[in-house]
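Asker: Use the sequences and the hints to build the structure in full.
Numbered according to my numbering, the sequence shown spans residues 1 to 208.
Treat the hints with caution; some may be incorrect.
Computed list of lysine to aspartate or glutamate pairs in EDC-like fashion (alpha-carbon distance at most 20 Å, straight line) [as the list claims (entries may be wrong)]:
#, residue 1, residue 2
1, Lys23, Asp102
2, Lys23, Asp70
3, Lys23, Asp106
4, Lys197, Asp185
5, Lys23, Glu34
6, Lys23, Glu44
7, Lys173, Asp185
8, Lys23, Asp38
9, Lys23, Asp63
What the hints contain is simulated information worked out from the structure, not anything from laboratory work.
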Amino acid sequence: MAILLLLAVATIYAPQLLAFPYKQRIGTGTVYAERPIDPRIASELAHAEGLLRASPIYTGPLDRSLFLTDGGWRWRLLAIQSPGAFAFRRPFSSAIVFNRSDIAADRVTNGRAIGGIRTLSGVITHESTHIMIANHVGEVRSAMLPTWQQEGYADHVARESSLTDADAARLRKTDPAATALVYYDARRRVAAALSAKRGSVDAFFAGG
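Answerer: Here it is, written out as structure tokens:
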């Protein structure tokens, strides 16, 4: 039993143990994929880097491992606690695992009818921002931040949401507790909070 638990933990923090068939080093990061890696991933990573550079807590390119799945068994095994997410990054880890990824279309999907599509470059930016936050305030403090600060700031840096204003209005009527709405509202709340603090990210994370 202990061996199985150890293997499970090892896989969670080292997804490459699931033998992703394709691997490519690009800049300071490594991309693992279930399908041949489209060269357009380089421009999507460059776009994400440009967005990250605009954040005051950016300190340089991150050494990350990006795992692109097709939403199949690898995703289901790795995303046990968040199967409906676009991607996730575990605390104390630089590995980011993505749901159904399409490099050619610059797209990640999670299967939801409303709010189920985001750009791959935007999701790369979002998850990388979580790493930047942890590097800036510390992993433990980062984990203790309210969801609206964590997720809202990540979407603020990515400059996108999975919902349009019209989508959000429709969801408020049909599913007001939808996760996509939580993220949509958090991004707007972060923008207002940063404006009130004259753009100071340190003041934002210190006082909410």
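Asker: The structure should be examined with respect to each hint, and the outcome stated for every one.
Answerer: We went through each hint and held it up to the structure:
no. : hint            : verdict
1   : Lys23 x Asp102  : 16 Å, holds
2   : Lys23 x Asp70   : 15 Å, holds
3   : Lys23 x Asp106  : 18 Å, holds
4   : Lys197 x Asp185 : 18 Å, holds
5   : Lys23 x Glu34   : 9 Å, holds
6   : Lys23 x Glu44   : 16 Å, holds
7   : Lys173 x Asp185 : 15 Å, holds
8   : Lys23 x Asp38   : 11 Å, holds
9   : Lys23 x Asp63   : 15 Å, holds
In this structure, every one of the numbered hints holds.
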